[in-house]
Amino acid sequence: MYTLLIKQFVLSKTVLFSFLLLFTIGLISILIGKQFLIKQEKTIEAVTEQQEQHIARNVSFHQNDLGLLLYYVRFALINTPERLSALSIGQRDVNPSIQSVTIRNLEGQKYDTDLNNPSNLQAGNLDFGFVIIYLYPLLIIALTFNLLSEEVEKGTWRLVAIQSVSKGLFLVKKLSIRALLTYISFFILFLLAAFIVAIPLTEALVVFFLLSLLYLTFWFVLSFWIISFQQSSSFNALALLALWVFLAIMLPAGVNNFLANKYPVPEALSTMVQQRDGYHKKWDMEKEGTMNKFYAHYPQFKKYTLPHQGFSWLWYYAMQQMGDDEALEQSIAMSEKIRQREKVSRWVAWAVPTMHTQLQFNDIAQTSLQNYIRFLNKTNEFHEKIRLYFYPKIFENAPVLDEDWKSFTPEYVRGEYSISWLHVFAPLILIISPILVFSIYNIRRI
Amino acid sequence: MQKKGVLLIAKQFWANTFKIKSVYLLFVIISMLFIYATYSGWKNYIVQNDIRLHFQEKVRQSWEENPDKHPHRMAHFGSFAFRLKHPLSMFDFGMESFTGNAVFLEAHKQNTVNFSEASFSTGLLRFGEISMAMVLQVILPLLIFFLGFASVASDKENGTLKIMLIQGVSWNEILLGRSLGLFGCALVFFFPIMLVTVFLLLLSKDNLFTQEVILRYIGICISYVIFYQVICMVTVWISATSKTSKDSLVKLLAIWLGFFILLPKTTQALGNYFFESPSKIEFEAAIEKELIQEGDSHDPDDPHFQALKDSLLQAHKVSSVEQLPFNYSGFVMREGEKISTAVYNRHLGKLFQTYQKQNNLSRLIAFINPYLAIKAISMSFSGSDFSAYVDFQKQAETYRYQLAQEMNELQIKYISNKKLGPNDVPYSISKKHWEEFPDFRHQFVSMGTIISREGSSIIALLVWSICSIGFIVSQSRKLKAI
Chain U
3 MYTLLIKQFV
13 LSKTVLFSFL
23 LLFTIGLISI
33 LIGKQFLIKQ
43 EKTIEAVTEQ
53 QEQHIARNVS
63 FHQNDLGLLL
73 YYVRFALINT
83 PERLSALSIG
93 QRDVNPSIQS
103 VTIRNLEGQK
113 YDTDLNNPSN
123 LQAGNLDFGF
133 VIIYLYPLLI
143 IALTFNLLSE
153 EVEKGTWRLV
163 AIQSVSKGLF
173 LVKKLSIRAL
183 LTYISFFILF
193 LLAAFIVAIP
203 LTEALVVFFL
213 LSLLYLTFWF
223 VLSFWIISFQ
233 QSSSFNALAL
243 LALWVFLAIM
253 LPAGVNNFLA
263 NKYPVPEALS
273 TMVQQRDGYH
283 KKWDMEKEGT
293 MNKFYAHYPQ
303 FKKYTLPHQG
313 FSWLWYYAMQ
323 QMGDDEALEQ
333 SIAMSEKIRQ
343 REKVSRWVAW
353 AVPTMHTQLQ
363 FNDIAQTSLQ
373 NYIRFLNKTN
383 EFHEKIRLYF
393 YPKIFENAPV
403 LDEDWKSFTP
413 EYVRGEYSIS
423 WLHVFAPLIL
433 IISPILVFSI
443 YNIRRI
Chain F
51 MQKKGVLLIA
61 KQFWANTFKI
71 KSVYLLFVII
81 SMLFIYATYS
91 GWKNYIVQND
101 IRLHFQEKVR
111 QSWEENPDKH
121 PHRMAHFGSF
131 AFRLKHPLSM
141 FDFGMESFTG
151 NAVFLEAHKQ
161 NTVNFSEASF
171 STGLLRFGEI
181 SMAMVLQVIL
191 PLLIFFLGFA
201 SVASDKENGT
211 LKIMLIQGVS
221 WNEILLGRSL
231 GLFGCALVFF
241 FPIMLVTVFL
251 LLLSKDNLFT
261 QEVILRYIGI
271 CISYVIFYQV
281 ICMVTVWISA
291 TSKTSKDSLV
301 KLLAIWLGFF
311 ILLPKTTQAL
321 GNYFFESPSK
331 IEFEAAIEKE
341 LIQEGDSHDP
351 DDPHFQALKD
361 SLLQAHKVSS
371 VEQLPFNYSG
381 FVMREGEKIS
391 TAVYNRHLGK
401 LFQTYQKQNN
411 LSRLIAFINP
421 YLAIKAISMS
431 FSGSDFSAYV
441 DFQKQAETYR
451 YQLAQEMNEL
461 QIKYISNKKL
471 GPNDVPYSIS
481 KKHWEEFPDF
491 RHQFVSMGTI
501 ISREGSSIIA
511 LLVWSICSIG
521 FIVSQSRKLK
531 AI
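Residue numbers (the working numbering), protein chains in the order written: chain U, 3 to 448; chain F, 51 to 532.
Hint data in this document are derived by calculation from the structure and do not stem from the laboratory.
Note that the coordinates shown come from a computational prediction; the quantities given were computed from them, not determined experimentally.
Don't take each hint at face value.
A few chain F residues that face chain U, going by a derived Cβ cut-off under 10 Å, partial list only [to be verified]:
1. His-483
2. Glu-486
3. Phe-487
4. Arg-491
Okay, the calculated bits of chain F under chain U, using three or more residues with CB under 8 Å as the criterion [claimed, not checked]:
5. 126–134
6. 156–168
7. 261–271
8. 447–458
Yeah, the Cβ is synthetic: ideal placement off N, Cα and C, and Gly gets one too.
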């Protein structure tokens, strides 16, 4: 009987069309992800080359003045993209993966954005994650919504009822064929993705794959539950589509609205203004006050004192430091706001499979907001490291050419995301189980 | 075809629709969605604009508080531009969340516009936002499909269609009547929302319902009405060409998914794929390269500025720049700012052209997909589209240029050319000059500009409107009653 059921299913035009459409969009999404990754890699390469030229050029201009040279020179820090990021681009298109900073105050530099076409951002990335989260559920709905009702409406259900041992088992068989073919198609697409993007086989890739399978299973179970109420095809189609609209659009979008209104981030703007005022207004103040604050922050530089008259880089960089120091409070408040947003969305995501899967994809692919915040923190460390290296040299006016400028190549940050299997899988399993129980209960009564 | 017949059929459809209990349930659900969308839009507008206005004032205060000093210090002190939200952006968020809100304006350097809502997003923004416009554009059509999928097909199924045709009702009357009835139902959902929008605009503490806003608002209303006319006719046509109402429903749902979800995203993604835009690094590198060729005022040996210096010395018949009757370094900076700004603007213009090319695919597809047309028109009238953002960026850049050049002029005019010794008091000019320099204020574009920019989308929508009527009237004879 299985072969007959398979034949009946595969020969349907709608089924073929749905699979073909999904396959095409799936391929497009993989290519888009690959293009994204290539662009990032090209940029990283360009940065490396550019930094070398940029430093050489500026060194040739300002050979006698280390303080002035370091006013101009930029040092790059790169948030290395994982290959898996091609499948779930996440926030990586909005937030830059490269910081290129001078040793001047950092708060005025580190929030600079990438160049983006807002229309593209608004439309969102058509990455493989989108295909899994949005489109596969639609395929599943299209394949299953009339699983039972079709038989009833065509009048074949009575025949089935007489001929099969268990009507429930017959439905499960029909459903399993659809599930199997869906999983196979997904597996093929996933293999293609892994192959085209050349993603190494790591724990992250396996978890990404398993999470996708579990997510698809969620939709099969949900669909099966709706079917088990034995309503008409029209009712099932509408109910399932309504659920999809609710889970994939309304609920996450509603939560997003809520977050944006509940946690606006004026701290970002005050950080921006504060860092400017913190530094610039020092030009009009007594040098002593600035220097005392600077020595308080970095006591190790107390041995360097200002000359009695004229301009000195010690004073200049102390003023720059004040920009960061005085914006610190606002900057921390901003991070706190963002942390609250993270907390709430993760909390809600436990109960909403679409949101959970999206956030987990981004975590696994290291394209999440959290990953970016971590990168910003690493930028702080990177900036301080460079400053503390150069400060004494500037204050002593060390000769520019004594420095090995060629050794200043871009530095890399690698993600240190450790995957918690429980966090990734538990929410979906907890949601799937009761729905499955209810469906089986309903089906047994048929 | 009789007008009376059409109206009768429309009335009958209307009456039947409101006999179904689930319609009221839908009305309640949609209303709740609307209340949420309205509240979020309004609140976001108030909160964000308050924040931005507050900071715009604060930075102005900070600017004016500066004591007497050298004007070039002020050029580096700089200022900020904050992007204001258009009052109608509470109706349609458009790209608001994806565009930066604040930019630091200083001499020598064009900074990026930072702190978009998207940059603080945890990833949920990818699922979209619920705005009044989103509900009107995406959810209401789905509702229309639901109300209208059986409009003709069910009559076919139960045989009443044959009876009607035998009694002398024409296909045209049936199709137009049902479309009109469905259209009426759609407007029942549409008008309350537009009324609420008016109230919100009127009730805000500073009257937002200015003449400009009224014009935009009327533009929005007309566009949506045309859009629903198209949607209703498509619905009735699909229903009339389907054998059963189930077929009709499945087809309409497929159309909704294809036209409202899949196609828009795919189109934009393909536009982005085909017209690759430069990364920031490439963009900056290209500018730097060109600047080195044209003249870099920060390079002490730059040939352009060497030549400028020589010609100045010759013209004024002096042997060193210190003998010039005006401040030489101010003069050099003015020239440098002019060159670097021109180079930057040229590259930025090119970048925007690339973005436009990416967006043009969606504009073109609007002739196939009316949803894309209404989306573009709605955003544009609401001041939350791509061009509105570009306008802001241009205004901010113009202000930055003026600020830098004004400070250079002051330096050229008032600062002595003599180099100071280490014991001299630094040169400075009176702080009244800071107050004289005007504040930045983000201005919105006029209605005429919007219409000319969105011309193609408006035409696309009109083409759909006319063609859908023409199509139904001319093709209805070929329909079958069974």
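Checked hints:
1. His-483: 15 Å, violated
2. Glu-486: 19 Å, violated
3. Phe-487: Violated - the Cβ of Phe-487 (chain F) stays beyond 10 Å from chain U, reaching only about 16 Å at its closest.
4. Arg-491: 17 Å, violated
5. 126–134: Coverage by chain U holds for the region 126–134 of chain F (5 residues, Cβ < 8 Å).
6. 156–168: Holds: 8 residues of the region 156–168 of chain F have a Cβ under 8 Å from chain U.
7. 261–271: This one is violated; 0 residues, fewer than the three required, reach chain U with a Cβ under 8 Å.
8. 447–458: violated (count 0)
Comparing the model with each numbered hint stated earlier shows that hints 1, 2, 3, 4, 7, 8 do not hold.
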